[in-house]
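Chemist: Letter by letter, the chains look like this.
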Amino acid sequence: MRFTKDHEWVELDGDVATVGITAYAAEQLGDVVFVETPDVGKAVKAGDAFAVVESVKAASDVYAPISGEVVEANPELGDAPETVNASPEQGGWFAKVKLADKSEYDALMDRAAYEAFLQTL
Amino acid sequence: MAHDETLKTTPLTDDHIARGARMVPFAGYTMPVQYPMGVLAEHLWTREHAGLFDVSHMGQARLRGVSPLSAFEEVVPGDYIGLKPGKQKYSMLLNRTGGIVDDLMAGRPDDDGLFVIVNGACKDNDFKVIDDELAGQVEIERLENRALMAIQGPEAAAVVQAHLPAAAEMAFMDIRAMPGFGTDLIVSRSGYTGEDGYEISVPAAEAVRVWNLLLEDARVRPIGLGARDSLRLEAGLPLYGHDLDETVSPVEAGLTFAVNRNRREQRDFPGAARIVKELAEGPARAKVCLRVLEGAPAREGAEVADEAGNVVGVVTSGGYSPVLKGGIALAFVPPALKAVGTKLKVIVRGKPQPAEVVASPFVPHRYVRKA
Numbered sequence: 001m002r003f004t005k006d007h008e009w010v011e012l013d014g015d016v017a018t019v020g021i022t023a024y025a026a027e028q029l030g031d032v033v034f035v036e037t038p039d040v041g042k043a044v045k046a047g048d049a050f051a052v053v054e055s056v057k058a059a060s061d062v063y064a065p066i067s068g069e070v071v072e073a074n075p076e077l078g079d080a081p082e083t084v085n086a087s088p089e090q091g092g093w094f095a096k097v098k099l100a101d102k103s104e105y106d107a108l109m110d111r112a113a114y115e116a117f118l119q120t121l
Numbered sequence: 001m002a003h004d005e006t007l008k009t010t011p012l013t014d015d016h017i018a019r020g021a022r023m024v025p026f027a028g029y030t031m032p033v034q035y036p037m038g039v040l041a042e043h044l045w046t047r048e049h050a051g052l053f054d055v056s057h058m059g060q061a062r063l064r065g066v067s068p069l070s071a072f073e074e075v076v077p078g079d080y081i082g083l084k085p086g087k088q089k090y091s092m093l094l095n096r097t098g099g100i101v102d103d104l105m106a107g108r109p110d111d112d113g114l115f116v117i118v119n120g121a122c123k124d125n126d127f128k129v130i131d132d133e134l135a136g137q138v139e140i141e142r143l144e145n146r147a148l149m150a151i152q153g154p155e156a157a158a159v160v161q162a163h164l165p166a167a168a169e170m171a172f173m174d175i176r177a178m179p180g181f182g183t184d185l186i187v188s189r190s191g192y193t194g195e196d197g198y199e200i201s202v203p204a205a206e207a208v209r210v211w212n213l214l215l216e217d218a219r220v221r222p223i224g225l226g227a228r229d230s231l232r233l234e235a236g237l238p239l240y241g242h243d244l245d246e247t248v249s250p251v252e253a254g255l256t257f258a259v260n261r262n263r264r265e266q267r268d269f270p271g272a273a274r275i276v277k278e279l280a281e282g283p284a285r286a287k288v289c290l291r292v293l294e295g296a297p298a299r300e301g302a303e304v305a306d307e308a309g310n311v312v313g314v315v316t317s318g319g320y321s322p323v324l325k326g327g328i329a330l331a332f333v334p335p336a337l338k339a340v341g342t343k344l345k346v347i348v349r350g351k352p353q354p355a356e357v358v359a360s361p362f363v364p365h366r367y368v369r370k371a
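Just so you know, the sequences run in chain order A and B.
Anchor point for the first sequence: position 76 equals 76 in the working numbering, and the numbering is continuous, going up by one each time.
Anchor point for the second sequence: position 220 equals 220 in the working numbering, and the numbering is continuous, going up by one each time.
Hints are computed from structural coordinates only; laboratory data are not their basis.
Here the structure is a predicted model, which is why all the values come from computation and not from measurement.
Possibly wrong hints are sitting among the right ones.
To be verified - Once the Cα atoms are required to be at most 25 Å apart in a straight line, the calculated PhoX-like pairs of lysine-lysine come out as: (1) A:Lys42 / A:Lys5; (2) B:Lys338 / B:Lys351; (3) B:Lys84 / B:Lys338; (4) B:Lys89 / B:Lys277; (5) A:Lys42 / B:Lys351; (6) B:Lys370 / A:Lys45; (7) B:Lys87 / A:Lys96; (8) A:Lys42 / A:Lys102; (9) A:Lys102 / A:Lys45.
Modelling step: build the complete structure from the supplied sequences, incorporating the hints.
Modeler: As structure tokens, then:
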């Protein structure tokens, strides 16, 4: 699993990357009450806002950590947005993206680097 | 968590931090937006039990003078000359064009003039406006040495009355100066959640002790500004700086109950010409309550469209209702579209979503009108 400074995680299976937000991000957001996932077929570029997560208090963008084409969105988050809090790094995934350029994945932080980054916040 | 030295603190700030609150800047103060329980749980706890709020950032003052009640009527549209001892009334400071400078509570807890509570973010300007307008008629004593806490929810009355038996004799909008918790208090039966409860003004030096005494009761939990906002929104209550500002009149805001009949006839308050005209002919825009029927919550600034897709208004505050489990909002629309049941759209991130005008409040008030 790799991580971004915007607190997204990416897990690679072949050339398909599953993307979500980290436990830290979910804790900071508080209770998630609405999630807008990207449409299947959408082309995303690394750094684009590609999903939205809303708590009682505010709406926050989720940025695509890597470029590619959205091939699947988590269907459970529509009825159960709280899954993002309950299981941010597993059941609470947002979307699967067919990777355009694996070097973007390789450039992301590994868990040790991400945890070191969290210590600086 | 970083502590911004430029922000003011309340007598309870250290206690909030010790309880693990997430502190944010608000109205020039560092204030708890939520405690570890989280906004959603804090909201529901208040609706089911009793929530305790630190609202010490709000401005408390005494107005004293030869006839402070009649003087006060020069800056507000409410009937204060007729205000009986032991009562408070919601009103608003108006500018000369009938716009709202701030909304406020003013009451008579005792015979010591008028006790006024205004919004924290507006307080310096408010007291300057009152001082400028009423120079020579009233003297303002700002009560900077007092904290203010609110306890709200269906179990709040029982909690408070265990400490303050005299508070049981009070009904909604009653206010009394009384001894309690070994100190001097100003207690009103009012709040900003739609629930029954009390607001308690306490000397700053006694605030931590009183706060912790109330929190010793298992029915009481501390509640942050996040849930305070979602609770007031469900109660359909406006928030100054969002739903109300210097361009908005009480008629547009749906607050005509605060423009008393005798004052309408006398037309002797700031902006009376506009307000009386709007009362007779209707305002240019009307505040409505919207339920978002599908999709994301519509937040402040979201456009409101009619069914044909024409943009006709704007959301002034909106969010997620933990009780209704969906989006709710206060919005301005043309008066022709204000009837309950009117179908509208809210535009969230470019997408029109169905919404409907509903009656205010979203969640029924539970004020205790007879003690």
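Chemist: For each hint, tell me whether it holds in the structure or not.
Modeler: Now for the hints, and whether the structure bears them out:
1. A:Lys42 / A:Lys5: Given that 25 Å is the threshold and the Cα spacing comes to 23 Å, the pair holds.
2. B:Lys338 / B:Lys351: holds (22 Å)
3. B:Lys84 / B:Lys338: violated (35 Å)
4. B:Lys89 / B:Lys277: Distance of about 24 Å is within 25 Å: holds.
5. A:Lys42 / B:Lys351: holds (16 Å)
6. B:Lys370 / A:Lys45: violated (62 Å)
7. B:Lys87 / A:Lys96: violated (61 Å)
8. A:Lys42 / A:Lys102: With a Cα-Cα distance of about 18 Å, the restraint between Lys42 of chain A and Lys102 of chain A holds, given a limit of 25 Å.
9. A:Lys102 / A:Lys45: holds (13 Å)
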